[in-house]
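Visitor: So the chains spell out like this:
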Amino acid sequence: MGIVTWPAWLETLLPMVVKITIILALAPVGMMYLTWFERKVVARIQDRFGPNRVGPYGLLQPLADGIKMVTKEDLIPDGADRLCHFLAPILIVVPALYLFTVLPFGEGIVAVPLVTGLLFFVAIGSTEALALFMAAWGSRNKFALLGALRNAAQVIAYEVPVVLALAAVPMIAGSLNLNEIVRAQSGGWFVATPWGFTAALLVTLGGLAEVNRTPFDLAEAESELVGGFHTEYSGMKFALFYMAEFLSTLALGALVAVLFLGGWLGPKFLPGPVWMGLKTMALVFVMVWIRGTWPRFRIDQLMGLAWKVMVPLALANLLGAALWSFCPGAAGWLASAALSVAVFLVTTQLWLAPKPKTPTHWAGKY
Amino acid sequence: MRLYGLELLRGLTITLGHFIASYTVGIRRRFSRAPAGDPIAAQRREGIFTVQYPEEQKPIPERFRVLPVLIFDGKEGERWSENTERCTACGICAKVCPPQCIWIEQAKSAEGKPVPKAGNFYIDADVCMNCGLCAEFCPFDAIKMDHNFELSVTERTNTNLFDINRLHVSTEYYARTHPVAWGEEQARKEAEAQRRAAAKKATP
Amino acid sequence: MTDSLNHLFLGIFFVAALVVPALPIVLARFIAPKRPGPVKNEVYECGVEAKGDSWIQFRIQYVTFAILFVIFDVEALFLFPWAVVFKGAGWAGLAAMGLFIGILTVGLIYAWQEGLLEWES
Numbered sequence: 008m009g010i011v012t013w014p015a016w017l018e019t020l021l022p023m024v025v026k027i028t029i030i031l032a033l034a035p036v037g038m039m040y041l042t043w044f045e046r047k048v049v050a051r052i053q054d055r056f057g058p059n060r061v062g063p064y065g066l067l068q069p070l071a072d073g074i075k076m077v078t079k080e081d082l083i084p085d086g087a088d089r090l091c092h093f094l095a096p097i098l099i100v101v102p103a104l105y106l107f108t109v110l111p112f113g114e115g116i117v118a119v120p121l122v123t124g125l126l127f128f129v130a131i132g133s134t135e136a137l138a139l140f141m142a143a144w145g146s147r148n149k150f151a152l153l154g155a156l157r158n159a160a161q162v163i164a165y166e167v168p169v170v171l172a173l174a175a176v177p178m179i180a181g182s183l184n185l186n187e188i189v190r191a192q193s194g195g196w197f198v199a200t201p202w203g204f205t206a207a208l209l210v211t212l213g214g215l216a217e218v219n220r221t222p223f224d225l226a227e228a229e230s231e232l233v234g235g236f237h238t239e240y241s242g243m244k245f246a247l248f249y250m251a252e253f254l255s256t257l258a259l260g261a262l263v264a265v266l267f268l269g270g271w272l273g274p275k276f277l278p279g280p281v282w283m284g285l286k287t288m289a290l291v292f293v294m295v296w297i298r299g300t301w302p303r304f305r306i307d308q309l310m311g312l313a314w315k316v317m318v319p320l321a322l323a324n325l326l327g328a329a330l331w332s333f334c335p336g337a338a339g340w341l342a343s344a345a346l347s348v349a350v351f352l353v354t355t356q357l358w359l360a361p362k363p364k365t366p367t368h369w370a371g372k373y
Numbered sequence: 002m003r004l005y006g007l008e009l010l011r012g013l014t015i016t017l018g019h020f021i022a023s024y025t026v027g028i029r030r031r032f033s034r035a036p037a038g039d040p041i042a043a044q045r046r047e048g049i050f051t052v053q054y055p056e057e058q059k060p061i062p063e064r065f066r067v068l069p070v071l072i073f074d075g076k077e078g079e080r081w082s083e084n085t086e087r088c089t090a091c092g093i094c095a096k097v098c099p100p101q102c103i104w105i106e107q108a109k110s111a112e113g114k115p116v117p118k119a120g121n122f123y124i125d126a127d128v129c130m131n132c133g134l135c136a137e138f139c140p141f142d143a144i145k146m147d148h149n150f151e152l153s154v155t156e157r158t159n160t161n162l163f164d165i166n167r168l169h170v171s172t173e174y175y176a177r178t179h180p181v182a183w184g185e186e187q188a189r190k191e192a193e194a195q196r197r198a199a200a201k202k203a204t205p
Numbered sequence: 005m006t007d008s009l010n011h012l013f014l015g016i017f018f019v020a021a022l023v024v025p026a027l028p029i030v031l032a033r034f035i036a037p038k039r040p041g042p043v044k045n046e047v048y049e050c051g052v053e054a055k056g057d058s059w060i061q062f063r064i065q066y067v068t069f070a071i072l073f074v075i076f077d078v079e080a081l082f083l084f085p086w087a088v089v090f091k092g093a094g095w096a097g098l099a100a101m102g103l104f105i106g107i108l109t110v111g112l113i114y115a116w117q118e119g120l121l122e123w124e125s
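So the protein sequences, as listed, match chains A, B and C. Just so you know, our numbering puts the end of the first sequence at 373, numbered straight through with nothing missing. Just so you know, our numbering puts the end of the second sequence at 205, numbered straight through with nothing missing. Just so you know, our numbering puts the end of the third sequence at 125, numbered straight through with nothing missing.
Hints listed in this document are in silico derivations from the structure and should not be mistaken for laboratory results. A quick note: this is a predicted structure, and the numbers were derived from the prediction, not measured. Hints are supplied without guarantee of correctness; some may be wrong.
[To be verified] Listed next, the in silico SDA-like pairs over lysine to any residue satisfying Cα-Cα at most 20 Å (straight line):
no. : chain 1 : residue 1 : chain 2 : residue 2
1   : C       : K44       : A       : D88
2   : A       : K75       : C       : V30
3   : A       : K79       : C       : L27
4   : A       : K315      : B       : L7
5   : C       : K55       : A       : I83
6   : A       : K79       : C       : V47
7   : A       : K79       : C       : R39
8   : C       : K91       : A       : T123
9   : A       : K75       : A       : M39
10  : A       : K47       : A       : V36
11  : A       : K315      : B       : L4
12  : C       : K55       : A       : W144
13  : B       : K96       : B       : E137
14  : A       : K315      : C       : V74
15  : C       : K91       : A       : S182
16  : A       : K26       : C       : F18
17  : C       : K55       : C       : N45
18  : C       : K91       : A       : G336
19  : C       : K55       : A       : D88
Can you make the complete structure from the sequences, with help from the hints?
Guide: Put into structure tokens, the structure is as follows:
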């Protein structure tokens with residue numbers, strides 16, 4: 008009992024304000040150092056140093072970038088829809104910040120323990136395509152609109168396999184609450200199961216596509232579309248698009264860590280949030296590593312990968328999870344693994360194998 | 002039948018190898034003795050290859066050439082004088098210079114008679130294209146190409162018109178930057194001196 | 005926290021989260037220079053003068069993929085409640101959902117065969 012008795016409404020409001028402040032203060036800092044991390048890792052992959060001039064190890068580089076961005080002129084093209092143009096960068100950052108409200112960073116350390124946390128995450132995450140389209144529509148630029156349309160096609164294409172792959176997790180964990188999902192993994196991380204491994208792969212790759220990162224950054228495609236959707240953006244508004252992208256990347260890493268790598272679970276010599284942070288960073292490293300390795304997809308490859316390989320694989324994976332759950336032991340394990348491998352082999356052959364010269368097409372046959 | 006996707010994984014292993022090597026090679030370099038010769042270029046086959054320019058510099062090859070300099074016989078740090086300068090103001094360099102960036106003023110004796118010395122010597126550094134023809138044609142080995150490329154300035158209309166004081170460097174400096182060419186020049190002059198001495202003896 | 009409090013939190017969060025992107029934009033408005041010009045404010049098209057409107061026709065395939073997406077996203081909508089109670093539903097539940105997904109899979113195969121999933125025209 009405190010000496011001061013707070014009014015009841017203040018007692019409920021104060022923790023909320025504290026939580027909101029923590030998330031809103033830490034997320035931009037995390038984003039800034041993610042840019043530093045990404046530049047360092049990509050530089051090392053390319054045998055370079057990366058930023059190493061501003062501060063020790065270039066640690067003040069994000070700060071310098073921020074100052075530069077604020078002092079840059081904000082250009083708005085003459086034909087632009089000014090309201091759309093202004094709102095888009097704001098509306099793309101807000102959902103990215105929302106992603107952090109449902110993520111558990113430790114045993115019970117979560118801002119909003121929503122019962123439908125996973126669904127909320129997916130729903131909020133996919134609204135970014137809307138803001139992106141607003142940006143392109145508002146700037147009234149052909150490159151921007153082409154980029155945004157590609158992005159819309161890409162996001163809806165990858166939404167399907169990601170959601171289908173995610174559905175395997177509540178099947179086994181029996182809950183959509185992210186805390187409960189972590190607790191369900193106390194017996195073993197989901198990534199160690201065949202269906203979990205497939206789902207983790209699908210979610211990571213599909214998630215990369217949804218947050219527009221290389222090799223799926225067709226919406227930006229600086230070598231063909233100038234800057235894609237943010238062609239007409241400069242200064243701080245331009246930086247906000249990057250902020251959204253990096254925040255989503257961080258959130259994606261955290262989500263995969265929670266769903267498949269056991270979240271905060273880990274040996275007791277380190278506290279839960281540290282384990283969670285390490286796993287998230289490991290996944291972010293993998294994403295940066297992929298960025299440093301693979302070239303950008305063509306749009307037909309992009310759509311092919313989503314619809315012809317990932318969707319069938321995600322559908323089969325649901326069956327795999329069911330088999331794994333109903334037939335415990337080696338039989339279920341092997342059946343689940345065999346299903347994933349078989350579907351992957353068959354779909355990639357059907358998709359990529361050289362086609363015969365006269366295409367067999369049903370419409371022509373009958 | 003082909004297994005698709007393996008090459009993607011192979012690509013990942015290659016980039017991871019470079020990532021790791023960028024750290025391990027750096028550590029190895031720090032604790033191993035630098036090899037003789039060029040310490041930076043010798044180990045550029047793996048690991049980070051960035052040359053961090055102001056602190057690190059790649060060695061300059063001898064025949065590297067930037068702006069021309071005038072040579073006087075003397076030590077580094079000395080000032081040139083009319084006695085030590087090699088230039089005779091013959092004007093050949095000014096004639097062969099393709100962009101015509103050389104301007105020579107002949108020195109005058111006390112009586113006002115022209116003497117074979119350069120009174121002043123101008124090179125417009127903004128116009129010079131570093132071709133080296135002046136140094137090729139100079140019969141007195143008085144004008145040579147330099148190695149100093151760190152010439153950036155914030156003002157160019159006045160500073161980049163180099164005069165005779167700015168252009169003069171000592172033979173010692175030249176011997177340091179161009180050891181091979183300097184050796185050849187000395188050998189040639191030695192041979193010339195011997196030939197002359199022999200000719201003098203032959204015709205009493 | 006109860007569920008209504010959760011939603012209250014998310015509501016307050018929206019207002020608070022607006023500050024994060026809005027603050028630097030407002031800050032930039034005071035700090036950044038503002039020197040617009042007729043050429044500077046042109047729509048960027050690699051230096052060529054922009055011809056016509058940007059709101060032009062796009063290829064029809066974007067729509068066919070959108071329709072495919074709607075089908076599968078509705079499926080996902082049914083999938084999540086089923087997934088939560090999956091363990092209690094047993095083999096019968098799996099069979100019911102299997103039938104549903106099976107029909108959609110046949111649809112996907114048909115779309116593939118018809119060439120709807122090909123991007124190049």
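Visitor: All hints are to be evaluated individually against the structure, with a verdict given for each.
Guide: Hints versus structure:
A threshold of 20 Å between alpha carbons decides the hint, and for C/K44 with A/D88 the separation of about 17 Å falls inside it, so the pair holds. Proposed proximity of A/K75 and C/V30 is supported: the alpha carbons are some 15 Å apart, at most 20 Å. Restraint check for A/K79 and C/L27: the C-alpha separation of about 15 Å stays at or below 20 Å, so the hint holds. Between the alpha carbons of A/K315 and B/L7 the distance comes to roughly 18 Å, so the proposed pair stays at or under 20 Å and holds.
With a CA separation close to 18 Å, the supplied pair C/K55 and A/I83 stays within the 20 Å bound. Between A/K79 and C/V47, the direct Cα distance comes to roughly 18 Å. Compliance with the 20 Å bound is thereby established for this hinted pair. Restraint check for A/K79 and C/R39: satisfied, since their Cα atoms lie roughly 11 Å apart, inside the 20 Å limit. Using a Cα cut-off of 20 Å, the hinted pair C/K91 and A/T123 holds, with the two alpha carbons roughly 18 Å apart.
With a C-alpha separation of about 13 Å, the suggested pairing of A/K75 with A/M39 holds against the 20 Å cut-off. A hinted pair counts as satisfied when its Cα atoms are at most 20 Å apart, and A/K47 with A/V36 qualifies at roughly 17 Å. Taking the CA atoms of A/K315 and B/L4, the gap is near 16 Å; set against the 20 Å cutoff, the hint holds. Between C/K55 and A/W144, the direct Cα distance comes to roughly 17 Å. Compliance with the 20 Å bound is thereby established for this hinted pair.
Restraint check for B/K96 and B/E137: the C-alpha separation of about 12 Å stays at or below 20 Å, so the hint holds. For the hint linking A/K315 to C/V74, the alpha-carbon distance of about 17 Å falls within 20 Å, and the restraint holds. With a C-alpha separation of about 11 Å, the suggested pair C/K91 and A/S182 falls inside the 20 Å cut-off, and the hint holds. Distance hint between A/K26 and C/F18 is fulfilled; the C-alpha atoms sit about 13 Å from each other, no more than 20 Å.
Taking the CA atoms of C/K55 and C/N45, the gap is near 15 Å; set against the 20 Å cutoff, the hint holds. Restraint check for C/K91 and A/G336: satisfied, since their Cα atoms lie roughly 17 Å apart, inside the 20 Å limit. Straight-line distance between C-alpha atoms of C/K55 and A/D88 comes to about 18 Å, which keeps the hinted pair within the 20 Å bound.
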